[in-house]
Each structure stands twice: as C-alpha cells, then as structure tokens.
Amino acid sequence: MPELCHYSKQVKEASYTRLCSTKKILNVNGQFPGPTLEVQYGETVYVNVYNQGKQNITIHWHGLQHRRYPWSDGPEYITQCPIRPGGRFRQKLLFSTEEGTLWWHAHSDWSRATVYGAIIIHPKVGSRYHFPKPDADLPIILGEWWKEDITKVVQRFHDTGGDPNISDAFTINGQPGDLYPCSKKVENYDLNMSYCCRYVQVNCGTRQNLLRLINAAMNVILFFAVKKQNLTVVGIDATYTKPVSSEYVSIGPGQTVDALLSANQKPDRYYMTARAYSTGPNPVFDNSTTTAIVQYRGKYTSSSSSSFPSLPFYNDTNAAFSFFGSLKSLADKYHPIEVPLDIGNRIMITVSVNTFPCQQNNTCAAPNGTSFGASMNNISFVSPSTALLQAYYQHTNGVYGDDFPYMPPFLFNFTDNFLPVDLETPKRGTEVMVLEYNTTLEIVLQGTSLLGGIDHPIHLHGYNFYIVGFGYGNFDIYKDPLRYNLKDPPLRNMVVVPIDGWITVRFKADNPGVWLLHCHIERHMTWGMKTVFIVKDGEQPDERLLPPPPDMPPC
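Residue numbers (this note's numbering): 1 to 555.
Honestly, I wouldn't trust all of these hints.
So the derived label-pair ranges between C-beta atoms look like this [unchecked claim]:
hint: 1; residue 1: Val434; residue 2: Ser288; range: 43 to 49 angstroms
hint: 2; residue 1: Leu19; residue 2: Gly401; range: 42 to 48 angstroms
hint: 3; residue 1: Lys427; residue 2: Tyr478; range: 28 to 34 angstroms
hint: 4; residue 1: His122; residue 2: Thr396; range: 39 to 45 angstroms
hint: 5; residue 1: Gly401; residue 2: Asp135; range: 49 to 55 angstroms
hint: 6; residue 1: Ser127; residue 2: Asp342; range: 28 to 34 angstroms
hint: 7; residue 1: Lys427; residue 2: Gln10; range: 40 to 46 angstroms
hint: 8; residue 1: Ser96; residue 2: Lys152; range: 38 to 44 angstroms
hint: 9; residue 1: Gly369; residue 2: Ser322; range: 55 to 61 angstroms
hint: 10; residue 1: Gly398; residue 2: Gln31; range: 38 to 44 angstroms
It should be emphasised that the hints constitute simulated quantities derived from the structure, not laboratory data. Keep in mind that this is a model prediction, so the values were computed, not measured. Glycine is no exception: its CB is placed at the ideal position from the N, C-alpha and C atoms.
Use the sequences and the hints to build the structure in full.
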C-alpha cells in the first residue's frame with residue numbers, strides 16, 4: 001500500500017523587496033519560491049491548501065497524472081472552482097509512474113507569477129537512479145518579476161486588449177542576480193537548504209550535483225547555462241532520458257530538466273545565467289539576463305572577476321530545437337517504453353494568435369485597434385463559471401459543448417507570411433473533445449503565421465505523451481511520418497511547437513477524467529489558446545473515475 005504523507009500550504013500576502021522597490025506578493029508558507037515537496041515514487045500525499053489571501057486561488061501539481069482522480073488537478077473552472085479567501089481544500093495527490101522533477105503552481109488568473117515551488121520524486125525504496133547517485137539535489141527555479149503589482153498588470157492587459165507589460169527581471173530561485181539594480185548585496189546562503197540566495201554551493205571533484213531546473217516564467221522559453229560546466233541531462237518532466245551532454249539547456253515555461261553538474265573545474269565561483277529565447281516579428285520581450293553563482297565548496301582564493309557563459313542568440317531557433325531534438329527516452333529493460341503504433345484517432349490542432357473586434361466604446365491596443373485573442377482549431381476557449389469536471393460528473397447540461405473539431409475547420413497554407421486578415425478572427429466557445437477510454441491518439445500540433453507566428457509550449461494535464469517528430473513549415477501527412485522516431489522518443493507532459501512548424505505526439509487515453517490542453521505562455525492561455533479532453537470511463541472498476549472528495553470548493 002502506498003505510504004501516506006500530509007502537508008499544509010498557507011497562501012497569503014507578504015512584502016518582498018526586489019529591484020529597489022517593495023511590494024506585496026502572494027506566497028506559500030512565508031516562502032518565495034514556495035516550499036519543495038519531496039516524495040518517494042508511488043506515494044500518496046495529502047496537502048491542505050489554506051487561502052489566507054485576498055483573491056481566489058487554485059493549486060496545480062504540474063505533471064502529476066492523478067490517475068482516475070482529476071479532482072486534485074487544480075486548473076480553475078476546469079477541475080474545480082477556486083478556493084475563496086478564507087477557504088480550504090484538501091488535495092489528494094496520487095503519485096504513480098512519475099520519477100524526477102515536477103513542480104506545483106497556482107492555476108488561477110496570473111497568481112502563478114509568485115505562487116510556485118518544486119516537487120522532487122525520489123526513486124522507490126530498493127531501486128536506484130540510472131545514473132550515479134547525486135550527492136546533492138539543487139532545485140533551480142527560473143521565474144519572472146514585475147515591479148508592479150501583478151494584479152494591476154493583468155487588469156491593464158484585460159482592459160486594453162493588448163500585450164501585457166513585459167517583466168522587469170528574470171529570477172533564479174526568486175533573486176534577479178548581479179546584473180540588476182539593488183540585487184547584488186544578498187546574503188550568501190547554501191542553496192542545498194534554501195532558495196534565498198545568489199550562490200549555489202556545489203561539491204567539487206568526482207561528486208555529482210543534480211540541478212533540478214524548472215522554468216516557472218510566465219511568458220518565455222529560456223536558455224540556461226553554467227560557465228565552464230557542461231550539463232549532462234538525465235531527465236525531463238519526471239521521466240528519464242539517455243544522458244546528453246550540453247553546454248546549454250532550452251526549457252519552455254512549465255518544463256523541467258534534470259541535469260548533472262560534475263563541478264570538475266578549478267575551485268572557484270562560476271556564473272549560471274538564463275535569458276529569453278523569443279521569436280516572431282518585432283518581438284517585445286524582457287531581454288535581460290538573470291544570474292546566480294555556482295560556488296565550489298572548500299578553501300581557495302576565488303578569481304577577482306567572473307565571466308558569463310555563452311548563450312545562444314535570443315531568436316536562435318536552431319539552437320533551441322537542437323537541444324529539444326537531442327533528448328531521447330532511456331528505453332532500456334528497466335525503463336521500457338510503449339509508443340502507440342496502432343493509432344485509433346488522428347487529430348490535427350492548429351495553434352494561433354488572433355484578433356477580435358474591439359468592444360464598442362473601448363480603445364484597444366492590438367493591431368488596427370483590435371483586441372488580441374488566441375485559439376486552437378479556430379476556437380477561442382471561453383472559461384465557464386462552474387467547473388467542467390463537476391458538470392461532466394453530474395451530467396449538467398449547458399455548461400460545455402462537445403464539438404471541438406478533430407481537424408482545422410478549413411485548411412490553408414498555415415505558415416504563409418501573407419495570410420488574409422479574415423483568418424485572424426476565430427469563434428468563441430466552450431468546446432471539448434470527448435474520447436473513448438483506451439483510444440490511441442496521434443496529435444499533430446501545427447503552428448500558424450497568423451499575426452507573425454511564435455513558438456508555443458503546450459501542456460497536457462493528466463498525461464505524458466511521446467514526441468515522435470517535429471519540423472518546420474506545414475505538416476505533410478505523406479512524408480513527415482516517415483521520419484518519426486518510434487524507437488526512443490522523449491516522454492513529456494509539455495512540448496514546444498516550433499515557430500512556423502509542427503510537432504507530433506502520441507499517447508493512449510487511459511486516464512478517465514477532464515483534462516486541460518493549453519499553451520503555457522500565460523497571455524496566450526488567457527486569450528483562449530486551450531481546450532479540454534474528456535476521457536470516458538472504461539468497462540472495468542479500475543478504469544473508472546473515482547468519486548470527488550467531500551470538501552470540493554463551491555462554485
């Protein structure tokens with residue numbers, strides 16, 4: 001029987017100073033980033049979430065599959081209504097096949113800007129890592145920081161219909177680093193024990209340090225590197241990979257990467273840095289660089305100055321996808337893979353940024369006085385006022401439709417640089433796709449050049465999927481499948497659709513429930529780039545949705 005563990009998380013406001021100014025932010029248990037949740041493979045964990053803040057909140061356990069129990073997944077108005085101020089929700093977390101690094105974050109409005117933390121899933125007792133056991137676990141959480149109250153950023157974003165203000169800094173474990181104002185004189189903590197510092201202390205020599213990288217940024221894919229230290233990637237999204245040595249890492253918002261750092265250089269201090277990878281025409285993004293210092297333990301005289309590692313240029317798509325493409329599943333006898341070969345449903349989903357006409361008597365900031373939107377298969381998702389999971393479970397009519405299309409409603413040259421304006425306005429609706437239990441799916445996610453195009457990090461709740469292929473331009477149903485990797489494709493819960501390109505994933509729909517599919521660029525999800533898969537029950541008792549807990553937050 002799985003071991004049971006109990007934790008509490010108190011969400012409330014506290015004052016934090018960054019970039020020469022102080023503001024109140026939501027945090028958890030008085031920590032920013034929030035506390036790390038450490039569990040063993042296969043454990044069952046109960047977390048009491050207390051909302052002591054002034055706004056509604058939900059917590060999502062990103063990458064946890066919640067087998068047959070979506071009630072604790074957390075996305076607002078998808079699997080639950082939000083926890084109101086003063087409320088509490090006891091979330092049961094069923095860890096199953098996950099092993100490695102995941103993370104938790106708020107999934108209501110933009111609260112995840114500061115409400116997030118790491119999840120470390122250790123191998124089950126009696127088993128071992130497939131790589132040398134690390135001597136130190138070091139969560140490295142990359143984030144964004146706004147000097148302004150995030151609720152004001154979001155309100156202006158909604159009011160104008162334009163892009164949100166870009167962040168004022170990137171952060172590593174909550175700190176901007178040496179290149180930002182008022183950010184250099186931070187006490188030297190040992191990051192084996194605390195998030196709150198500019199220094200990461202590592203063991204030198206032959207001992208292994210496992211960096212557990214998490215991209216908690218709101219709107220950007222990031223490049224990450226450590227000066228003079230190659231990183232050996234051994235895991236992604238709580239699944240193991242064949243070891244890959246790389247000078248840098250590409251990591252989409254929501255993704256995790258486990259990388260060994262051997263610290264075999266001359267004892268000294270070495271910078272780690274992260275900055276944005278951003279594409280599209282005339283991109284507006286935070287072009288700053290966040291830093292922290294990898295500090296070797298022991299007695300030595302450090303260099304008087306430290307230099308920064310080389311990172312790819314901000315729009316180097318080849319560098320970003322060279323890294324993504326180098327990742328392969330471990331696929332050995334201890335870690336077998338099950339790539340679906342006999343496909344039941346083939347689905348194509350376009351992901352697009354769009355525009356809507358500005359509402360009457362408003363002034364909008366999107367191109368030509370319009371308001372920004374986003375869509376999947378030309379449907380911009382409208383969130384309901386009650387939870388979809390509750391409506392499905394209770395057979396409530398009128399909350400959602402089941403007409404999300406298996407193919408784009410009409411085909412065109414998706415990646416043409418000169419698309420007609422009339423393609424920019426999608427439909428609005430709360431449409432879902434209903435799937436039979438155990439259906440095997442192949443989904444092609446196709447980017448479009450509407451409004452210029454951009455990369456899209458797409459996350460599926462409740463599942464991992466195999467990434468069997470990707471490419472640029474329009475997907476060719478006759479040629480591109482011939483290049484699929486069906487031998488050792490990476491297994492993830494998130495995938496980055498390349499700018500003006502496509503990516504194909506496969507999985508078996510064997511986890512009944514209501515599961516969100518969405519872009520993890522927060523502004524795109526807010527604009528409507530999301531949909532929902534409803535996976536029906538199977539015939540056997542262990543293939544059916546479990547009943548809800550008694551304390552679900554009221555709608």
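Each hint, compared with the structure:
| no. | hint | result |
| --- | --- | --- |
| 1 | Val434 <-> Ser288: 43 to 49 angstroms | holds (45 angstroms) |
| 2 | Leu19 <-> Gly401: 42 to 48 angstroms | holds (45 angstroms) |
| 3 | Lys427 <-> Tyr478: 28 to 34 angstroms | holds (30 angstroms) |
| 4 | His122 <-> Thr396: 39 to 45 angstroms | holds (41 angstroms) |
| 5 | Gly401 <-> Asp135: 49 to 55 angstroms | holds (54 angstroms) |
| 6 | Ser127 <-> Asp342: 28 to 34 angstroms | holds (31 angstroms) |
| 7 | Lys427 <-> Gln10: 40 to 46 angstroms | holds (41 angstroms) |
| 8 | Ser96 <-> Lys152: 38 to 44 angstroms | holds (40 angstroms) |
| 9 | Gly369 <-> Ser322: 55 to 61 angstroms | violated (40 angstroms) |
| 10 | Gly398 <-> Gln31: 38 to 44 angstroms | holds (42 angstroms) |
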